[in-house]
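For reference, the chains in residue letters:
2 protein chains.
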Amino acid sequence: MGKKNFVKAITSRDDDFAQWYTDVCRKAELMDYSDAKGFIIYRPYGYALWENMKNYLDKSFKETGHDNVYMPLVIPESLFMKEAEHVEGFAPETAIITIGGNEELQERLIIRPTSEVLFCNHYSKVIESHRDLPKKYNQWCSVVRWEKTTRPFLRGSEFLWQEGHTAHAKSDEAKKEALDILKIYESLGKDILAIPFITGLKTEKEKFAGAVNTYTIEALMHDNKALQSGTTHYLGTGFSEAFNIKFQDKDGKVKPVYQTSWGVSTRLIGAVIMVHGDDSGLVLPPNLAPIQVDIIPIMQHIDGVMEKAKELKANLEKIGIRVNLNDTDKSPGWKFSESEMKGIPLRIEIGPRDLKNNQAIIVKRYNREKITIDIDDIEEFIPKTLNYIHDEMYQQALRNMEENTREAYDYQTFKKIMEEKSGYVKMMWCGDEECESKIKEDTKATARAIPFDQTPIGEECPVCKKKAKYLVYFAKAY
Amino acid sequence: MGKKNFVKAITSRDDDFAQWYTDVCRKAELMDYSDAKGFIIYRPYGYALWENMKNYLDKSFKETGHDNVYMPLVIPESLFMKEAEHVEGFAPETAIITIGGNEELQERLIIRPTSEVLFCNHYSKVIESHRDLPKKYNQWCSVVRWEKTTRPFLRGSEFLWQEGHTAHAKSDEAKKEALDILKIYESLGKDILAIPFITGLKTEKEKFAGAVNTYTIEALMHDNKALQSGTTHYLGTGFSEAFNIKFQDKDGKVKPVYQTSWGVSTRLIGAVIMVHGDDSGLVLPPNLAPIQVDIIPIMQHIDGVMEKAKELKANLEKIGIRVNLNDTDKSPGWKFSESEMKGIPLRIEIGPRDLKNNQAIIVKRYNREKITIDIDDIEEFIPKTLNYIHDEMYQQALRNMEENTREAYDYQTFKKIMEEKSGYVKMMWCGDEECESKIKEDTKATARAIPFDQTPIGEECPVCKKKAKYLVYFAKAY
Chain A
-10 MGKKNFVKAI
0 TSRDDDFAQW
10 YTDVCRKAEL
20 MDYSDAKGFI
30 IYRPYGYALW
40 ENMKNYLDKS
50 FKETGHDNVY
60 MPLVIPESLF
70 MKEAEHVEGF
80 APETAIITIG
90 GNEELQERLI
100 IRPTSEVLFC
110 NHYSKVIESH
120 RDLPKKYNQW
130 CSVVRWEKTT
140 RPFLRGSEFL
150 WQEGHTAHAK
160 SDEAKKEALD
170 ILKIYESLGK
180 DILAIPFITG
190 LKTEKEKFAG
200 AVNTYTIEAL
210 MHDNKALQSG
220 TTHYLGTGFS
230 EAFNIKFQDK
240 DGKVKPVYQT
250 SWGVSTRLIG
260 AVIMVHGDDS
270 GLVLPPNLAP
280 IQVDIIPIMQ
290 HIDGVMEKAK
300 ELKANLEKIG
310 IRVNLNDTDK
320 SPGWKFSESE
330 MKGIPLRIEI
340 GPRDLKNNQA
350 IIVKRYNREK
360 ITIDIDDIEE
370 FIPKTLNYIH
380 DEMYQQALRN
390 MEENTREAYD
400 YQTFKKIMEE
410 KSGYVKMMWC
420 GDEECESKIK
430 EDTKATARAI
440 PFDQTPIGEE
450 CPVCKKKAKY
460 LVYFAKAY
Chain B
-10 MGKKNFVKAI
0 TSRDDDFAQW
10 YTDVCRKAEL
20 MDYSDAKGFI
30 IYRPYGYALW
40 ENMKNYLDKS
50 FKETGHDNVY
60 MPLVIPESLF
70 MKEAEHVEGF
80 APETAIITIG
90 GNEELQERLI
100 IRPTSEVLFC
110 NHYSKVIESH
120 RDLPKKYNQW
130 CSVVRWEKTT
140 RPFLRGSEFL
150 WQEGHTAHAK
160 SDEAKKEALD
170 ILKIYESLGK
180 DILAIPFITG
190 LKTEKEKFAG
200 AVNTYTIEAL
210 MHDNKALQSG
220 TTHYLGTGFS
230 EAFNIKFQDK
240 DGKVKPVYQT
250 SWGVSTRLIG
260 AVIMVHGDDS
270 GLVLPPNLAP
280 IQVDIIPIMQ
290 HIDGVMEKAK
300 ELKANLEKIG
310 IRVNLNDTDK
320 SPGWKFSESE
330 MKGIPLRIEI
340 GPRDLKNNQA
350 IIVKRYNREK
360 ITIDIDDIEE
370 FIPKTLNYIH
380 DEMYQQALRN
390 MEENTREAYD
400 YQTFKKIMEE
410 KSGYVKMMWC
420 GDEECESKIK
430 EDTKATARAI
440 PFDQTPIGEE
450 CPVCKKKAKY
460 LVYFAKAY
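Chains as they are written, first to last, in the numbering used here: chain A, -10 to 467; chain B, -10 to 467.
Careful: at least some of the hints might be erroneous.
Identical copies carry no separate label here, and so any pair may be met within one copy or between two of them.
Here are the computed lysine to aspartate or glutamate pairs in the EDC-like style, where the Cα-Cα straight-line distance is at most 20 Å [what the hints assert, rightly or not]:
#, residue 1, residue 2
1, K43, D56
2, K137, E92
3, K319, D240
4, K458, E422
5, K26, E96
6, K114, D12
7, K244, D421
8, K165, E391
9, K114, D21
10, K51, E40
11, K353, D343
12, K319, D121
13, K137, D24
14, K302, E52
15, K244, D161
16, K299, D366
17, K114, E230
18, K71, D24
19, K465, E40
20, K125, D21
21, K137, D240
22, K48, E306
23, K43, E448
These are computed hints drawn from the structure, not numbers from a lab.
Start from the sequences, fold in the hints, and give me the full structure.
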């Protein structure tokens, strides 16, 4: 990494959140821009975050009976046009191949913006009988959506994701699948990202193009805006009717399959940055961190320092900790900043004086707490402390979410909160798109989720005064 | 899987090798065709083969200090044009995006056929000093090359692969990298695929567009044609000069970096099929097999049979064996065929009579050997036998390669062997492209590799009678 990356401090988070975000993305060396607008380069440290999420999810998907597959990058235009709502949703942002092998193509090829139609087309060929069901497929790939304004990880012309596509004999089974996967996504937040999610149903206006129901996980960022972090869709038989995916059931009748689709993307990297980061850079939860412990030797040329640092590294790696030993010729101060920018959960400082006292200094990244510890206790201390940090980071994010979740019983209060504080506002809603649109126009806030717990907080919709149907979480969102 | 897949036997391997190959690909449910010509669907069983190769390689790459990254799918045309030889090699087979978000693009975007130029462009921005070197990056992705004639896994408009791209301060270090990776590829063959490779240098005519040296692993298929199964390239400074990738060395001087690139692809799945497969379908080496043991209960409705089968499965899984229990309502004969078509290394048959005698029947897929074994010995027997099968399959492939490797001391003999037997022919060569082209024209055989062991078998080039420079392996190839 070049020196220029660390010489200047990053923008303060509370001065200019957007600039702070971009600074962290670049200076923590998560990504870089490419020469094609909207397409980013995932650098090793950024890609490693995605790999850790991927490993967790891939294991969970496999344990619950899902198979990985790979569908083509391209969709012939005629196939793409088969499901009307879906086309309407995605056609405006497609990238299209018109030339192949120096020749104009007879049929234009759409780069997949999502692969429902590819899976559906395949399912229509391989599903015949109830014996062939369920089909529970997932794929890891990149997709392309032509975006006018782009931001690293949050909105790009290309992003990495997983997309699950399943087919079932029964409606209930498909609905359960959409909810089961939502739980896996929630666990990813709880176990790996240290991010609590609001979960629930999307409104008709906000749901996926072609879905009957869309379920969502929503996270609250440090600037009090919400980030849709993943969705699962119950597709009903809309696609199976359009693509003729039929099976012969046990009763001999031929029926359309019930389907789901679901996905999370590298957008989750953006969530981690904006939930946990601070003015010194990234702050990584230990289970996600590619490096969990950064050992920084002080006066490393003095006899015994490097030896001890190496010994510590080896011992910690033996018990499964991911350790970096920063033995470059940079100054300790420089290394501290670098370690902080990269959000490494724990750093161990060890110098000649520490050696004499058989001790080391341990600094927690997330709250900068400094602890002097007996070297012999390190192997016991580190794993315990990493667990503790994970829990604390999760609790801190949860507290922040709870403190920034408010209830509004009248529309004036709603507007005031959205103007002054943002965050989540819980409010009753009549269910009409008209009120939903008025709220967006007045405040820029959108319905993020209709939570599963529908304990009402009022009887009428504060906007139109009609009878309320749902309790809704509203927020301004990315 | 639908019944139609197994009702008809596949084409005999020796009657029509090409048709046999396609039959196996489809009937073992490795792949299916998509609606976009040349783009295939990797079905679960086919993708699982790739995942197993990927896991092995990814681990090896990481252990040798390589980082995974992800570069964009697209290359702006102007960037693509920077390295002349490279453009000449790849431009004719590119797919091009000309429309994005309903608008004609100002600059056309090439779908990556390989990502040298993307890595080079990035390296030119992040490499400044000798401290930034080496950079050893790898990425897992798909690439697109517009092919007129396509065959599943062997040649397609899109394929999955890994591409490594490294930059070094010293030429020797880069050359060593290209050879070290070749060794990792060889190990993949030896440890996982049970395929022996011929390794060596490619001729100028056959090398990668833009490389100084290309090294190759070549495998011999059952039809005696060679398959180029992976390559590593020493790129010298050709790309770093074109892309201005310079670093300040320890001596203060600014120098271009030395580079390598290297890759293997899903083509390896094709190699496994064509080296090991037979008239009953796929034959998988145990370390690659997604399912290593297929348990088939006989008269599964009889008391105790299913219970014993489940117990066996659980016990084998506990010791790390990948097991399938085929408890569908198909007949045992059907299940045997299915198990054979999918190339599962071992099947265990267990029925009421076996239960009474506390025994089971074990059948080895690769040579159909049937063994009756005491049930209590199964857990000891299976892992040992899987290892044995792996070794035997490797030795069998090695013997086949050796038996079909001949030497030619005169050109008449060379032509005769190529006409009658094919396989590898070792022959001396003057090093002139003219002779190489004549050989291809006369026999369709190409220079597959200049092996590292250059013990000469003659003094002159049998084609032109000039002084010989190299010993070369020739073969007809895919």
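We went through each hint and held it up to the structure:
1. Within a single copy, K43 and D56 get their C-alpha atoms as close as 14 Å, and across copies as close as 16 Å, so both meet the 20 Å cut-off.
2. In the homo-oligomer, the alpha carbons of K137 and E92 lie at most 20 Å apart only across protomers (12 Å), although the nearest pairing inside one protomer, at 29 Å, exceeds that limit.
3. In this assembly of identical chains, the alpha carbons of K319 and D240 lie at most 20 Å apart only when taken from different copies (19 Å versus 74 Å within one copy).
4. Proximity of K458 and E422 under a CA criterion of 20 Å is satisfied intra-copy only: 12 Å inside one chain copy versus 80 Å between copies.
5. In the homo-oligomer, the alpha carbons of K26 and E96 lie at most 20 Å apart only across protomers (11 Å), although the nearest pairing inside one protomer, at 26 Å, exceeds that limit.
6. Taking CA atoms no more than 20 Å apart as the test, K114 paired with D12 passes between copies only; the shortest distance there is 17 Å, against 49 Å inside one copy.
7. In this homomeric assembly, K244 and D421 never come within 20 Å of each other (Cα to Cα): the closest approach is 33 Å inside a single copy and 67 Å across copies.
8. For the identical chains of this complex, K165 and E391 are neighbours neither inside a copy (28 Å) nor across copies (56 Å), given an alpha-carbon limit of 20 Å.
9. Taking the closest pair of Cα atoms, K114 and D21 come within 20 Å of each other only across two copies (10 Å); inside a single copy the shortest separation is 42 Å, beyond that limit.
10. Taking CA atoms no more than 20 Å apart as the test, K51 paired with E40 passes in both settings, with 16 Å inside one copy and 13 Å between copies.
11. Taking the closest pair of Cα atoms, K353 and D343 come within 20 Å of each other only inside a single copy of the chain (18 Å); across copies the shortest separation is 62 Å, beyond that limit.
12. Within a single copy, K319 and D121 get their C-alpha atoms only as close as 61 Å, which misses the 20 Å cut-off; across copies the closest is 13 Å, which meets it.
13. Taking CA atoms no more than 20 Å apart as the test, K137 paired with D24 passes inside one copy only; the shortest distance there is 16 Å, against 30 Å between copies.
14. Only between protomers do K302 and E52 lie at most 20 Å apart by alpha-carbon distance; the minimum there is 16 Å, versus 33 Å within a single protomer.
15. When the C-alpha separation of K244 and D161 is checked against a cutoff of 20 Å, the pair qualifies only within one copy, where the shortest distance is 15 Å, while the shortest distance between copies is 65 Å.
16. In the homo-oligomer, the alpha carbons of K299 and D366 lie at most 20 Å apart inside one protomer (16 Å), although the nearest pairing across protomers, at 46 Å, exceeds that limit.
17. Proximity of K114 to E230 under the C-alpha cut-off of 20 Å is restricted to the intra-copy arrangement: shortest distance 14 Å within a copy versus 51 Å between copies.
18. In this assembly of identical chains, the alpha carbons of K71 and D24 lie at most 20 Å apart only when taken from different copies (13 Å versus 34 Å within one copy).
19. Taking the shortest Cα distances, K465 and E40 never come within 20 Å of each other, neither inside one copy (30 Å) nor across copies (41 Å).
20. In the homo-oligomer, the alpha carbons of K125 and D21 lie at most 20 Å apart only across protomers (17 Å), although the nearest pairing inside one protomer, at 35 Å, exceeds that limit.
21. Within a single copy, K137 and D240 get their C-alpha atoms no closer than 51 Å, and across copies no closer than 46 Å, so neither meets the 20 Å cut-off.
22. Within a single copy, K48 and E306 get their C-alpha atoms only as close as 23 Å, which misses the 20 Å cut-off; across copies the closest is 16 Å, which meets it.
23. For a Cα distance limit of 20 Å, the shortest separation of K43 from E448 qualifies neither inside one copy, at 43 Å, nor across copies, at 57 Å.
This entry does not satisfy hints 7, 8, 19, 21, 23, going by the numbered hints stated previously.
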